[in-house]
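Undergrad: This is what each chain is made of:
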Amino acid sequence: MLLRHTPEEIVEREALTIQPAKTCQPVGAMYAALGIHKCLPHSHGSQGCCAYHRSALTRHYKEPVMAATSSFTEGSSVFGGQANLLDAITNIFTIYNPDVIAVHTTCLSETIGDDIPQITAKARDEGRVPNGKFIIRANTPSYVGSHVTGFGNMIKGIIDGFATRGTKSGHINIIPGYVEPSDMSEVKHITKSMGVDTVMFPDTSAVLNGPQTGRYEMYPKGGTPISDLQKTGFAKMTLALGPIASGPGAKFLDTKCGVPYEMLSLPIGIRSTDAFVNALRKNGGIVSDELEYERGQVLDVLTDMQQYFHGKKVALVGDPDHLVPLTEFLTDIGFNVRHVVTGTPGKKFIARIKEAAGTEDINVKEASDFFYLHQLIKNEKVDLILGNTYSKYIARDEDIPLVRIGFPIYDRVGHQYFPILGYRGALRLIEKILNALLDYQDKTAPEEKFELVM
Amino acid sequence: MAELETPEVIKQDLINKYPVKVARRRTKQIVVNEVGDQEEVPEIQSNIRTIPGIITMRGCAYAGCKGVVLGPTRDILQITHGPIGCSFYSWLTRRNQTKPTSDTAPNYMPYAMSTDMQDENIIFGGEKKLKKAIDEAIALFHPKAIGIFSTCPVGLIGDDVHAVCREMEAKYPDTNIFGFSCEGYKGVSQSAGHHIANNKVFTEVLGLSDMTKEGKFRMNMLGEYNIGGDAFELDRMLSDVGITVHSTFSGNSTYEEFASAQNVDLNVVMCHRSINYLADMMETKWGIPWFKVNFIGAESSAKSMRKIAKYFGDAELIATVEKFIEKEMVEISKVREDVKSRCNGKTAMLFVGGSRAHHYQELLAEIGIRTIAAGYEFAHRDDYEGRKVIPSIKVDADTRNIEELTVERDPVSYRARKSEEELKALSDEGIRFGDYEGMMPDMPSDTLVIDDLNHHETEVLIEKYHPDLFCAGVKEKYVVQKYGIPLKQLHSYDYQGPYAGFKGAINFYRDIDRLINTRIWKMINPPWHEEPQLTAKYGWE
Numbered sequence: 001m002l003l004r005h006t007p008e009e010i011v012e013r014e015a016l017t018i019q020p021a022k023t024c025q026p027v028g029a030m031y032a033a034l035g036i037h038k039c040l041p042h043s044h045g046s047q048g049c050c051a052y053h054r055s056a057l058t059r060h061y062k063e064p065v066m067a068a069t070s071s072f073t074e075g076s077s078v079f080g081g082q083a084n085l086l087d088a089i090t091n092i093f094t095i096y097n098p099d100v101i102a103v104h105t106t107c108l109s110e111t112i113g114d115d116i117p118q119i120t121a122k123a124r125d126e127g128r129v130p131n132g133k134f135i136i137r138a139n140t141p142s143y144v145g146s147h148v149t150g151f152g153n154m155i156k157g158i159i160d161g162f163a164t165r166g167t168k169s170g171h172i173n174i175i176p177g178y179v180e181p182s183d184m185s186e187v188k189h190i191t192k193s194m195g196v197d198t199v200m201f202p203d204t205s206a207v208l209n210g211p212q213t214g215r216y217e218m219y220p221k222g223g224t225p226i227s228d229l230q231k232t233g234f235a236k237m238t239l240a241l242g243p244i245a246s247g248p249g250a251k252f253l254d255t256k257c258g259v260p261y262e263m264l265s266l267p268i269g270i271r272s273t274d275a276f277v278n279a280l281r282k283n284g285g286i287v288s289d290e291l292e293y294e295r296g297q298v299l300d301v302l303t304d305m306q307q308y309f310h311g312k313k314v315a316l317v318g319d320p321d322h323l324v325p326l327t328e329f330l331t332d333i334g335f336n337v338r339h340v341v342t343g344t345p346g347k348k349f350i351a352r353i354k355e356a357a358g359t360e361d362i363n364v365k366e367a368s369d370f371f372y373l374h375q376l377i378k379n380e381k382v383d384l385i386l387g388n389t390y391s392k393y394i395a396r397d398e399d400i401p402l403v404r405i406g407f408p409i410y411d412r413v414g415h416q417y418f419p420i421l422g423y424r425g426a427l428r429l430i431e432k433i434l435n436a437l438l439d440y441q442d443k444t445a446p447e448e449k450f451e452l453v454m
Numbered sequence: 455m456a457e458l459e460t461p462e463v464i465k466q467d468l469i470n471k472y473p474v475k476v477a478r479r480r481t482k483q484i485v486v487n488e489v490g491d492q493e494e495v496p497e498i499q500s501n502i503r504t505i506p507g508i509i510t511m512r513g514c515a516y517a518g519c520k521g522v523v524l525g526p527t528r529d530i531l532q533i534t535h536g537p538i539g540c541s542f543y544s545w546l547t548r549r550n551q552t553k554p555t556s557d558t559a560p561n562y563m564p565y566a567m568s569t570d571m572q573d574e575n576i577i578f579g580g581e582k583k584l585k586k587a588i589d590e591a592i593a594l595f596h597p598k599a600i601g602i603f604s605t606c607p608v609g610l611i612g613d614d615v616h617a618v619c620r621e622m623e624a625k626y627p628d629t630n631i632f633g634f635s636c637e638g639y640k641g642v643s644q645s646a647g648h649h650i651a652n653n654k655v656f657t658e659v660l661g662l663s664d665m666t667k668e669g670k671f672r673m674n675m676l677g678e679y680n681i682g683g684d685a686f687e688l689d690r691m692l693s694d695v696g697i698t699v700h701s702t703f704s705g706n707s708t709y710e711e712f713a714s715a716q717n718v719d720l721n722v723v724m725c726h727r728s729i730n731y732l733a734d735m736m737e738t739k740w741g742i743p744w745f746k747v748n749f750i751g752a753e754s755s756a757k758s759m760r761k762i763a764k765y766f767g768d769a770e771l772i773a774t775v776e777k778f779i780e781k782e783m784v785e786i787s788k789v790r791e792d793v794k795s796r797c798n799g800k801t802a803m804l805f806v807g808g809s810r811a812h813h814y815q816e817l818l819a820e821i822g823i824r825t826i827a828a829g830y831e832f833a834h835r836d837d838y839e840g841r842k843v844i845p846s847i848k849v850d851a852d853t854r855n856i857e858e859l860t861v862e863r864d865p866v867s868y869r870a871r872k873s874e875e876e877l878k879a880l881s882d883e884g885i886r887f888g889d890y891e892g893m894m895p896d897m898p899s900d901t902l903v904i905d906d907l908n909h910h911e912t913e914v915l916i917e918k919y920h921p922d923l924f925c926a927g928v929k930e931k932y933v934v935q936k937y938g939i940p941l942k943q944l945h946s947y948d949y950q951g952p953y954a955g956f957k958g959a960i961n962f963y964r965d966i967d968r969l970i971n972t973r974i975w976k977m978i979n980p981p982w983h984e985e986p987q988l989t990a991k992y993g994w995e
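Protein sequence lines, in the order shown, are assigned to chains A and B. Just so you know, the first sequence maps onto residues 1 to 454 in our numbering. Just so you know, the second sequence maps onto residues 455 to 995 in our numbering.
Just so you know, the hints here were simulated from the structure itself, not pulled from any lab data. Being a predicted model, the structure only gives us computed values, none of them experimental. Glycine included, each C-beta is placed from N, C-alpha and C at the ideal position. Treat each hint with caution, since some may be false.
Chain B side only, calculated, beta carbon under 7 Å to chain A, not exhaustive [to be verified]:
| id | residue |
| --- | --- |
| 1 | Y516 |
| 2 | D570 |
| 3 | M571 |
| 4 | D573 |
| 5 | I576 |
| 6 | F578 |
| 7 | G579 |
| 8 | K586 |
| 9 | L610 |
| 10 | G612 |
| 11 | S635 |
| 12 | D852 |
| 13 | N855 |
| 14 | Y919 |
| 15 | G938 |
Distance condition first, Cα-Cα at most 30 Å in a straight line; then the derived DSSO-like pairs of lysine-lysine [what the hints assert, rightly or not]:
| id | chain 1 | residue 1 | chain 2 | residue 2 |
| --- | --- | --- | --- | --- |
| 16 | A | K348 | B | K586 |
| 17 | B | K471 | A | K221 |
| 18 | A | K347 | B | K670 |
| 19 | B | K670 | B | K761 |
| 20 | B | K918 | B | K471 |
| 21 | A | K221 | B | K976 |
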């Protein structure tokens with residue numbers, strides 16, 4: 001057994017996190033910053049943070065992930081990191097020439113209390129920032145929230161750095177949430193199909209799922225252009241997909257530039273995607289035949305194959321913005337969602353999951369971990385797990401099929417290229433789920449019950 | 455390669471773009487190698503601060519301590535004291551394989567544990583939470599030993615982790631509880647963390663047990679972390695000839711093996727950078743001699759086995775080793791010659807670690823691949839130039855902050871393993887005790903040696919040299935491959951291996967052959983890039 005020490009008996013823990021179901025803010029901030037065209041994320045702290053975040057994102061995407069660090073030493077930890085950040089700014093603009101440096105803090109620089117706006121202002125005064133170049137920043141203390149919080153904080157940083165109040169134009173902003181490059185493409189596909197003029201930020205598509213061409217581009221063609229970011233304050237509204245990752249940014253843009261917002265779930269599954277499409281429709285979009293067709297295809301597969309998943313028990317682990325619409329979708333189509341665990345703290349999560357599942361009879365926990373999820377599963381076995389790569393230790397020990405979803409996925413490809421958002425994403429999700437369940441049936445069925453046609 | 459610019463010119467290209475201050479520093483970290491008759495090589499500046507913003511390959515002290523040295527030990531329960539990230543990122547990502555002795559034997563490696571400090575712990579201190587976490591860990595797992603690893607904010611807010619460990623050990627006398635002050639800002643790279651780990655393992659664990667393992671020839675393997683099963687292969691080779699590997703530091707190891715590691719007659723060192731402190735301290739305290747080995751490459755492995763056999767000085771052992779090598783070499787030569795026919799004359803660059811960039815050059819050479827540039831991520835001058843330069847290394851403030859233990863001979867259990875005369879005789883026969891010759895004397899003159907390579911320099915090197923193979927880590931992997939140049943990860947082996955020892959050499963030959971010669975590289979350019987879109991004929995054709 002890989003997890004041989006996990007007992008069935010659940011004892012509440014107050015202080016020890018075991019097998020975390022979240023990671024720290026800065027990696028989310030780094031990811032968000034990669035979705036700005038010609039932006040170099042910068043980690044203000046010890047260089048290990050940057051190395052770890054780059055490694056995690058690289059393993060997840062199998063793509064170059066560029067970011068710089070202030071490389072704190074013991075001296076900077078005592079005297080503050082100003083000198084390091086000033087040097088870094090000069091070096092980055094001279095050597096790597098990005099259009100934007102997106103500085104995020106770490107637990108170290110937050111604990112010291114480095115004042116990033118003051119340091120970047122000083123960098124400007126000292127002529128370290130070339131004309132037409134930008135530095136934006138986000139406070140991302142690792143001891144608050146999770147990687148999703150960090151993503152949200154960098155969205156605020158983008159708005160802080162680029163959005164200005166001005167005459168309203170016709171477009172709407174979309175903050176897509178902490179989702180994959182493929183999912184961001186899918187959001188663009190939907191808005192384009194509906195003919196809605198949008199600015200989506202950030203946009204990591206064509207950044208973290210680029211092609212092999214024999215040529216390396218430090219700044220790939222993707223990412224939201226600065227000119228678009230500068231228009232975000234003029235939008236007629238913002239659609240924020242996923243309240244934790246996108247909500248704070250949408251609210252901030254409302255406060256700063258008077259752009260109203262509508263908060264939606266991530267468009268995972270039929271109902272949430274319907275809600276997104278409907279929101280676009282109410283803001284000038286026309287539901288295209290193409291989208292109706294895609295929606296119909298999902299329903300077609302669901303009606304055709306429902307005997308394979310109806311009533312199946314499922315455990316979910318991941319980020320709140322994903323888990324709520326996922327619970328709703330799986331419940332809608334007949335799954336019995338039994339356990340839902342996130343590492344990200346937030347008390348509303350429990351009520352939202354129970355609402356999505358339409359029942360109080362479900363095990364839900366926030367600020368929790370894989371160890372707890374495993375104990376829940378030991379107490380009530382499920383037929384399927386949906387979660388990130390770390391779920392596979394539980395899946396193997398307990399002999400349960402696993403569908404990989406969330407961050408990180410270190411051991412499979414696909415999430416970079418194929419979405420789980422939108423109708424096409426729902427189709428892919430249901431395909432993955434069916435394959436996992438049917439492969440399991442094929443592997444375990446007695447010979448006389450082995451089916452050719454399924 | 456005749457059309458290539460000289461290494462001096464390329465060095466200039468590497469630093470041309472830099473601000474003056476950066477260029478001044480990098481010029482001392484980039485050296486054109488030149489090897490003299492007595493292994494003299496030019497000085498290379500290393501183990502100095504990373505330049506902010508440069509896009510370094512380096513990590514931090516925590517990564518070196520928890521990730522590298524202690525991480526591979528399966529039954530020391532490891533709690534990271536800090537916010538969640540550090541524990542999360544060091545959770546199973548280094549591929550240290552481990553094989554518990556039974557289905558129920560402790561193995562905590564798949565469990566990442568953290569105090570997940572929150573803002574109130576940063577403001578009011580995290581000691582209380584740490585104590586509670588230890589309570590909970592002991593109640594759940596009943597471990598023999600617990601290691602606590604401090605992350606950046608812990609040092610700043612002043613949590614006294616060592617006092618907590620003492621207090622909790624008094625509360626739980628059956629558990630050895632010790633802390634590592636390996637905050638990420640310590641030192642200038644992972645290297646500081648190695649040193650911190652060595653020190654604490656030495657003072658808190660070594661010598662606590664009298665466990666001995668059967669065998670006439672008993673040794674420890676230091677600086678071998680069982681990535682991809684390397685240590686399993688070395689254990690196979692050594693046990694096959696009758697040598698007992700008592701403890702490996704720290705691949706596939708246990709607490710008990712660490713605690714009794716003084717009960718051997720020899721320490722051999724694989725990764726010099728990460729473990730040389732422990733080798734030195736064990737020699738001073740218990741009289742265990744050490745020498746450097748290299749089990750990367752078939753020839754190096756054979757050489758290392760012979761060296762160990764010679765040390766034990768047993769005629770039968772020496773004969774057994776020879777027979778073993780002869781047997782293993784049959785398959786190795788077959789595969790090597792086959793692979794060499796496709797790889798001969800290719801060029802490689804290696805930028806990794808504190809030993810691997812040296813070790814793997816020999817393995818590549820066996821299949822005809824020539825190293826044209828190499829460097830380490832976190833090494834010191836002795837790893838480049840050899841231990842002979844240690845007395846001349848300037849100790850700067852960053853290094854001075856890492857404790858240097860004063861070790862004395864143990865009055866009871868010190869035992870000279872060999873007499874002065876025996877050691878002298880072995881030295882005369884070529885065994886260099888307590889020494890490492892470094893990477894540069896092994897590299898030809900006119901190769902480039904670059905310390906702490908960064909992203910900009912990687913791009914320049916690739917554009918100037920177009921190597922056939924690049925060896926580095928995961929952060930570099932997909933950058934280099936976008937150029938259409940294969941990159942072999944030498945931290946994780948691209949999730950393959952083992953590459954150490956005899957079987958490892960065969961695996962490596964085959965993997966490199968596949969990586970370089972796969973037809974996929976040739977498919978990158980579509981046919982329409984080569985052919986014109988429109989073709990026309992003259993009327994008279």
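Undergrad: Now tell me, hint by hint, if it's right for this structure.
TA: To see whether the hints hold, each was checked on the structure:
| no. | hint | result |
| --- | --- | --- |
| 1 | Y516 | 6 Å, holds |
| 2 | D570 | 4 Å, holds |
| 3 | M571 | 5 Å, holds |
| 4 | D573 | 5 Å, holds |
| 5 | I576 | 5 Å, holds |
| 6 | F578 | 12 Å, violated |
| 7 | G579 | 12 Å, violated |
| 8 | K586 | 4 Å, holds |
| 9 | L610 | 5 Å, holds |
| 10 | G612 | 11 Å, violated |
| 11 | S635 | 11 Å, violated |
| 12 | D852 | 6 Å, holds |
| 13 | N855 | 5 Å, holds |
| 14 | Y919 | 15 Å, violated |
| 15 | G938 | 4 Å, holds |
| 16 | K348(A) / K586(B) | 27 Å, holds |
| 17 | K471(B) / K221(A) | 24 Å, holds |
| 18 | K347(A) / K670(B) | 62 Å, violated |
| 19 | K670(B) / K761(B) | 16 Å, holds |
| 20 | K918(B) / K471(B) | 15 Å, holds |
| 21 | K221(A) / K976(B) | 24 Å, holds |
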